[in-house]
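Participant: Below are the chains, spelled out letter by letter.
Protein chains: 2
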Amino acid sequence: MTREEKFMHEAISLSRLGMGQNAGGPFGCIVVKDNQIVGRGNNCVTSHNDPTAHAEVMAIRDACKNLNSFQLDDCEIFTSCEPCPMCLGAIYWARPKAIYYANTREDAARIGFDDSMIYDEMSKPMHIRKIPIIHMNKEEAMKVFEEWIDKTDKTDY
Amino acid sequence: MTREEKFMHEAISLSRLGMGQNAGGPFGCIVVKDNQIVGRGNNCVTSHNDPTAHAEVMAIRDACKNLNSFQLDDCEIFTSCEPCPMCLGAIYWARPKAIYYANTREDAARIGFDDSMIYDEMSKPMHIRKIPIIHMNKEEAMKVFEEWIDKTDKTDY
Numbered sequence: 037m038t039r040e041e042k043f044m045h046e047a048i049s050l051s052r053l054g055m056g057q058n059a060g061g062p063f064g065c066i067v068v069k070d071n072q073i074v075g076r077g078n079n080c081v082t083s084h085n086d087p088t089a090h091a092e093v094m095a096i097r098d099a100c101k102n103l104n105s106f107q108l109d110d111c112e113i114f115t116s117c118e119p120c121p122m123c124l125g126a127i128y129w130a131r132p133k134a135i136y137y138a139n140t141r142e143d144a145a146r147i148g149f150d151d152s153m154i155y156d157e158m159s160k161p162m163h164i165r166k167i168p169i170i171h172m173n174k175e176e177a178m179k180v181f182e183e184w185i186d187k188t189d190k191t192d193y
Numbered sequence: 037m038t039r040e041e042k043f044m045h046e047a048i049s050l051s052r053l054g055m056g057q058n059a060g061g062p063f064g065c066i067v068v069k070d071n072q073i074v075g076r077g078n079n080c081v082t083s084h085n086d087p088t089a090h091a092e093v094m095a096i097r098d099a100c101k102n103l104n105s106f107q108l109d110d111c112e113i114f115t116s117c118e119p120c121p122m123c124l125g126a127i128y129w130a131r132p133k134a135i136y137y138a139n140t141r142e143d144a145a146r147i148g149f150d151d152s153m154i155y156d157e158m159s160k161p162m163h164i165r166k167i168p169i170i171h172m173n174k175e176e177a178m179k180v181f182e183e184w185i186d187k188t189d190k191t192d193y
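Going line by line, the protein sequences match chains A and E. Position one of the first sequence corresponds to residue 37 (the working numbering), numbered consecutively onward. Position one of the second sequence corresponds to residue 37 (the working numbering), numbered consecutively onward.
In short, the hints are calculated from the structure, not lab data. Among these hints, one or two may not hold up.
[To be verified] Below, computed lysine-lysine pairings styled on DSS-like, alpha-carbon distance capped at 27 Å: (1) 42(A) to 101(A); (2) 174(A) to 187(E); (3) 174(A) to 42(E); (4) 190(E) to 133(A); (5) 190(E) to 101(E); (6) 101(A) to 69(E); (7) 179(E) to 160(A); (8) 166(E) to 42(A); (9) 166(A) to 179(A); (10) 166(E) to 133(A); (11) 166(A) to 69(E); (12) 166(A) to 174(E); (13) 133(E) to 133(A); (14) 160(E) to 160(A); (15) 179(E) to 42(A); (16) 69(E) to 133(E); (17) 133(E) to 166(E); (18) 133(E) to 174(A); (19) 166(A) to 179(E); (20) 160(A) to 190(E).
[Said to hold, decoys possible] In silico negatives: residues of chain A with every beta carbon more than 10 Å from chain E: (21) 70; (22) 71; (23) 86; (24) 105; (25) 116; (26) 127; (27) 161.
[Claimed, not checked] Here are the computed distance ranges between Cβ atoms for each label pair: (28) 105(E) to 104(A): 30 to 36 Å; (29) 168(E) to 148(A): 28 to 34 Å; (30) 104(A) to 161(E): 33 to 39 Å; (31) 163(A) to 131(E): 18 to 24 Å.
Just so you know, even glycine gets a beta-carbon here, dropped at the ideal spot from N, CA and C.
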């Protein structure tokens, strides 16, 4: 077994464990740094009443807490299924060095998780999306962005 | 002031408040149901060491906790800036009825938040993305999906 296979096996084991505990859907994820597991997560959407509690989000939050950082520099993400748009976005904000996945978004769709639909919506023009999205009050909001630019004690990220 | 302007003003006020408290970036969001605010959030990435702690994710988690549900049926989201891909994904999973936003992804990019880059990455073929993404071990992971299909006591969502 390669190191990657070993770590993916851990992520898949978490997906089975969470499912067995009725935590949520059959998805698991680990974060690895310097060949050590620094974060673990499994889907907890239905048990936590939290639609953001996907395996990747849980694992990223766990790793960031353990590493005391809001970045996952030099980390690798092993996830039992291709990340949905929310999780892929979370991964990009966390900035790990690589992502490994096993099941695909099409596999997820076949068992009832509609990641593919959300990927399709992302790239559609706003006016034809399933959830209406309306632009308003830009002038008031822009003032806060201007205040951010002028702020001298901010933490950039 | 329309009801929408009133609610957007609340979201923008939260963006300014969080910035002033050095919680994180200048972003605020509220969730509204039946004309009542049921969830609030502002960006807490740097103060919580959590790259997923965007205003929308915080507000969705708060609303779901308050409503004791993993769905935001009949809710409206008011966010001071166009949701990034992570947050738009979170919103789709939460299934509200509408989204209102003020600043745009281009405005966010101009003050240093690279939402646009992540949107671009989402639609690229995997092999040319900035973060390498590698497919492996599908056979082992697929067994867990098959177990999910056969599971008789699962909570679908």
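Participant: Among the hints numbered above, which are violated by the structure, and what are their numbers in rising order?
Facilitator: 2, 4, 6, 7, 9, 12, 13, 17, 19, 20, 23, 24, 25 and 26
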